[in-house]
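Undergrad: Chain residues, written in single-letter form:
2 protein chains.
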Amino acid sequence: MYSVPEITGATRLVGIVADPIAHVRTPQSLNRLFAVRGIDAVMVPMHVPSAYLASWFAGLRRIGNLDGIVATVPHKEAIAALCDDLGPEARLVGAANVVRRAPDGRMIGEMFDGRGFVGGLRSQGIDPAGHRVLLIGAGGAAAAIAFALAAAGVAHLTIANRTAVKAEKLANRVATAFPGVAVDAGDPDPRGCSLVVNGTSLGLKPDDPLPVRVERLEGAAIVAEVVMQPARTALLEAAAGMGCRMHEGFHMLEAQLALLAEFLTASDLPVPTTAQPNL
Amino acid sequence: MYSVPEITGATRLVGIVADPIAHVRTPQSLNRLFAVRGIDAVMVPMHVPSAYLASWFAGLRRIGNLDGIVATVPHKEAIAALCDDLGPEARLVGAANVVRRAPDGRMIGEMFDGRGFVGGLRSQGIDPAGHRVLLIGAGGAAAAIAFALAAAGVAHLTIANRTAVKAEKLANRVATAFPGVAVDAGDPDPRGCSLVVNGTSLGLKPDDPLPVRVERLEGAAIVAEVVMQPARTALLEAAAGMGCRMHEGFHMLEAQLALLAEFLTASDLPVPTTAQPNL
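Chains as they are written, first to last, in our numbering: chain A, 19 to 297; chain B, 19 to 297.
Be aware that one or more of the hints could be misleading.
Identical chains share a label here; the pair holds if one copy fits it or two copies do between them.
SDA-like mimics (lysine to any residue), calculated; alpha carbons at most 20 Å apart, straight line [unchecked claim]:
(1) Lys223 with Ala252
(2) Lys184 with Pro121
(3) Lys187 with Thr283
(4) Lys184 with Pro248
(5) Lys184 with Pro92
(6) Lys223 with Ala169
(7) Lys184 with Ala147
(8) Lys223 with Gln247
(9) Lys187 with Ala200
(10) Lys187 with Gly157
(11) Lys187 with Ile240
(12) Lys184 with Ala40
(13) Lys184 with His174
(14) Lys187 with Ala99
(15) Lys223 with Gly157
(16) Lys184 with Asp202
(17) Lys184 with Gly105
(18) Lys223 with Pro67
(19) Lys223 with Ser68
No wet-lab data here; the hints were simulated from the structure.
Given these sequences and hints, build the entire structure.
TA: And the structure:
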């Protein structure tokens, strides 16, 4: 039980959209940050299935006291396509994890998962530069992490995804943006990798399969999660059993909370002026 | 500063829609009630102008964890027209101040302002039976109050509205529903009235004109408000100056809070089965 300030008619509104929704941790963390900073805003969960995302989003524009929305699984790519404009990272990645509502109702998406993930590693003393990385997934969060790890100077990046063609496309895009980094698509086989990242939602449900062939993990490897609930996923537990260092999913959220709060509530942020988002 | 329990991904959502919004008091009161009853739900304000009500409402249906919406000025009549079905009081009055979202996305409106207003009078020891009443306004709240006062057995009811034809229509509808009560439309002249009710939003803004010709108030009269902010409107202050008893607007809200909470959060309420939802 943590207390948030009283909600009044003057309180600004922020949503988080997901499907499912009950596991998200962002409301607790962001509302705490709002309270600490004296920002009269509140984040509430909104459970919206993919089929209804567009009509929900159209209605959302009409709420004058809405500052914006944080988007998570499975909506990060779809919501970027609904935005009127995208910030530079969302445009690069092709997905958004936050949408700011401008006072005129325009919706501006941005993607902080990449900076959040790398910032989370650094907050734990882990510099991704020079690492040989296996990244599982090619959805919104995984794509953001792929670009951010490339920007942070990893030595090699292998992207493994259930739908292989999606991994190949993402690998090509990252390689084009960062020609100095060796990027390929491959299997979820962690042999030879010093940093293994689960960038999918596998691990959220108790009966999910392991996203990585854990029996091939090397003992010196770091195994990192984006799944936040449970804090220690089956993957992390298995990795610990192999002697690996665990890096929990909440670090990615913690490292981007301030970015999210500033993006959502700063009224004087420059609004990108591009006509068409280029996905 | 009042504390509400922590908002999590599992928290149910309730909105209040109004234009303007900053003055509403329902979030404070309803969130306190939710906390006291251990209901994991939170009410947040949504500022929506009339022109956008329909598109906002269409998006709202898509939020799976939304229990419903409280509607206030100026949306009580318009939102009733957007609902898939109405409870008996909303149907009688032609307006709704609360909408429950059924699990399938159907929206069911009901109107508790009438019961709230009369319940608020009774909570202060005032029985409206036998009173000669001047009611100002013919919008959603005023209409609900007109029907409820007639049902409570007032001796005479005069309805005064800026647009006179709207007062005449409402007076005819109330007279038809309650043939034993003398109902007419007239001027905002309180001579001969023992209960004077402001059922408009006049008094919310500092420069609003007085809704009643206060110099003609009789000293024995009770003057009642629906405006809650400020608690003592210019009308109430003027009435007190004439020796009248004041009845503040928050009583109408307090007397219907439990009704609102039960209507919004009870999953076992019978859902009216009329027709097709306009999904």
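Undergrad: Which of the numbered hints above does this structure break?
TA: 2, 3, 4, 6, 7, 11, 12, 17
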